[in-house]
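Trainee: One-letter residues, chain by chain:
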Amino acid sequence: MSEGELDFDADELAMLRQLFKAEAQDALETVTTRVLAGGTAKPTPDALTEMMRVTHTLKGAAGTVGLNAMVDLSHRLESALAAIGREPSPWRPHTADLLVEVTDALRAYLEVAGEPGSETAVETIRDQIDQIVRPERRSQSLPPPFVEPPPETVLEPPSDAGPAPEPKAYLRVEPERIEDLMSSAGELLFDRTRIERRVQLLRTLARDLARTRQSLHDTLDAPAQLDRTSVAHAEGELASQAALLSQTTAALLDEIEALRRTIGELQKGLTRIRMESARNLFLHAARTLRALRRATGVHVELRTLGEDTEFDKAVAEQLVDPITQLLRNAVAHGVEPPEERAARGKPATATLTIRARQDGNLLVLEVSDDGRGIDTSALRDRLVATGRWSQTRAQLANDSEILDALLGTGVSSRGDADELAGRGIGIGLVRETVSKLGGEVKVSSVQGRGTTFSLRLPLSTALAQAMLFKVGGQVYAIPNVHVVDTITVEPAATVAQVRHEQVPVLRLENLLGSTTGLDRRPGVVVSFAGKSLVCSVDKLVGPREIIIKPLGPLLAPLQLYAGATISGSGKVQLILDPAQLVRRAYPDAPSEVMSAGDSAPVVLAGRALVVDDSRAIREAMTSMLGREGWIVDVAEDGARALQMTRQLRYDLVVTDLEMPELGGFDLIARLRKDERFASTPIVIITSRANPEHRRRARDLGVLALVAKPITRRKLLEALAAR
Amino acid sequence: MLRTVAELRNVIVFTIGGVRYALELRWVREVVSLGFVTGVPTAPAALSGVCNLHGTILPVLDVAALLGHPPGAGARQGDGALVLELEGTVCALRVDQIDHVASLVESAGAIVDARGRPLTLLDPAVLVRRATELITTAAAVSVAPAVPAS
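The listed protein sequences derive, respectively, from chains A and B.
For the first sequence, counting from 1, position 39 maps to 39 in this note's numbering; every step adds exactly one.
To convert a position in the second sequence, counted from 1, into this note's numbering, add 722.
Okay, chain A solo, but in the shape it has when bound (with noise of 0.2 Å):
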């Protein structure tokens, strides 16, 4: 089988082929592990069956998407361990190792499989299979090359590179943090490909309903045809209609659900990756209390706690300024001079505490100093004094409220001027920082015994870069990844130039504000699906990292709106969906964002039920029938399968033979035995096709025994006898 035979697009068979590689990793993992159980001992019978299994399923799958070497090659080691498993045994002490030797040599050889130049590695690996059952060849071999292990990263940059580059920050991260994501990011494409081909049924269900409204529509305007079969026809088929398109949603709805699931996953791995422990933050605290150690000679010491307590690195980062500054604050303003702290009987040595911990989905971080504490009253006199509070409420406030107003203003709480602490705008500094994470901050203080500041932030952040602009007075912001440029409007413009391309303005001073652009003003060009335009808006802010929060069921009908994010000064900033501005940009564009790769028309066959336990496969004949208008479930044995139709009707079945649990065709005399599958299309797809099985396929009504690898033609070919 040729690559042009294979119907996958270039995508789809990189991802097919991707999802293989690891699958197929996992089933040589598992014949080196069955080796090496054994010693040097002849695996036994169970154990050789399991890897003749493991090793079928993957020549199955490897066909499947189009790597006919590694088919060869999981061929050749399924005879080999058949061999193994008959008598005379070709085993011997050494076979052992030789096995382990060809599973590695695969190993390495699917990393680079179908790419050109791999082919050279399949004859070695092949000549080393011989081996197995013709041993007394070893002494002639030369050794394998591919036991090697590939080449490490380069470590160091060559030395004739020119000027030295600026040194880069380069994250240190577990791998098998790195294999969640890719195994995440994989699934998203899944998820994507699931949800395309769903949409595309849905589509071809708009246009039958057209259809069907048309001919309704013909038959009244003549009122003369108008009888009551035509009209009757008309509603068995918007019945039927009706029917197929809440079961679309329904199903639709869940692949919606499993990519949240995915996101969700998606985000907590990559969440882990920016993970770090809170002790680079401490050291950088105790290196900025050191420095103000020696600037203001005042006796301090530096105590943590909770070290290991991990949080976002981009949240580290952020809270390096405001633990700075309240170090300064505490350093300034909170311990007292060596002769008050002796006179209150305190050591002449002030401590300052930091402590990290986490309280259920906050990160907490505590800055105590055991200094002077703050005096609410004089505080709240200041309050009144400076005019901000009128003596009325300074007189209602409590303690803990006037302590809150500490934060929220520029009022320092001590009277004089200090350089130090800039007069209580750190505080506010600290405030704002904390609040553009999504946190907030907390001052409880016992005067004479200390203040502590404790920052509660969210665990996790979905943090994501955007660009901010002003409308009508108001910051909005579109995400960054969809932002492409800056550029200036001409007044009036409905067109703007965006490099040698002509792409429409969409004004946003009409939509989100109520002037009109007779200005030359900033325009974003934003680009979505595809589709560029150019939004005109009064004044750029420019990108910043924002908080994406959801906008709540009351609101989610403006689709205008993604979310939206809440600014360093506690303001709401909506943020526009890209989606949107595409469709108000381009009214007359049909209004699906989804760029379908084939336009031939989908006729909607039904719902089928794929059985396999390769996932590559599985997914393989979900994008071969999806193609055919076949809403597709799987399952990976016989048993998830039955559980599967006992909820739902299929109307197509399509199964492997051999599969862990129950195999095919024990699944296929179950589901005949059940009434509503007793005259349901089965096809049976298997690389075993002797014909034993022909014989028991045919007793049991199956339509079709298709051997692998499975091609369209075949499938084809096998629904058609239908």
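Keep in mind that the hints were calculated from the coordinates and are not lab data.
A quick note: this is a predicted structure, and the numbers were derived from the prediction, not measured.
Treat the hints with care, since some could be wrong.
Chain B side only, calculated, beta carbon under 10 Å to chain A, not exhaustive [to be verified]: (1) 747; (2) 750; (3) 769; (4) 783; (5) 853; (6) 857; (7) 858; (8) 860.
All residues carry an ideal CB built from backbone N, CA and C; glycine is no exception.
Position chain B relative to chain A; hints supplied.
Mentor: Frame of chain A, contents of chain B only:
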């Protein structure tokens, strides 16, 4: 719905635009003073804007507009508001003044305060439903092309 039996209701009594309203306390999560109110273009007048409430986005509703009257003064920072929560929806009603909390008798849908003056009893479920309708309609209308067809 008409009730023939008189029922005792725990309500909060408040004034908006000179009209006195009552609302059952069990729907009121908290009474707040609004933060900065961000306007939401393309939304109906019944949505005065959105506010930051403890880090979540709080829609602020205009009761007059919801009841089909001309919209009120609009919500500003520092205005009082009742935060309601029902069936997962959290929203705020801007109020001019909160009078008091009382147990009042509701009879046949009518409710009067301690001095016998009639109050308008608000049903939050109806308000939220109305708000959803108005927002959905406004959203559909706003999709009309903003670029002049050339």
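Trainee: Now tell me if each hint is right for this structure.
Mentor: Hints and how they fare:
1. 747: This interface hint is violated because 21 Å lies over the 10 Å limit.
2. 750: With a closest approach of 17 Å, the residue 750 (chain B) hint is violated.
3. 769: For residue 769 (chain B), the interface hint holds, since the closest Cβ of chain A sits about 8 Å away, which is under 10 Å.
4. 783: holds (8 Å)
5. 853: holds (6 Å)
6. 857: Result: holds, 5 Å to nearest chain A Cβ.
7. 858: Holds - the Cβ of residue 858 (chain B) comes within 10 Å of chain A, reaching about 4 Å at its closest.
8. 860: Hint on residue 860 (chain B): holds, closest Cβ of chain A at ~8 Å, below 10 Å.
The structure fails to meet hints 1 and 2 from the earlier list, while all remaining hints are met.
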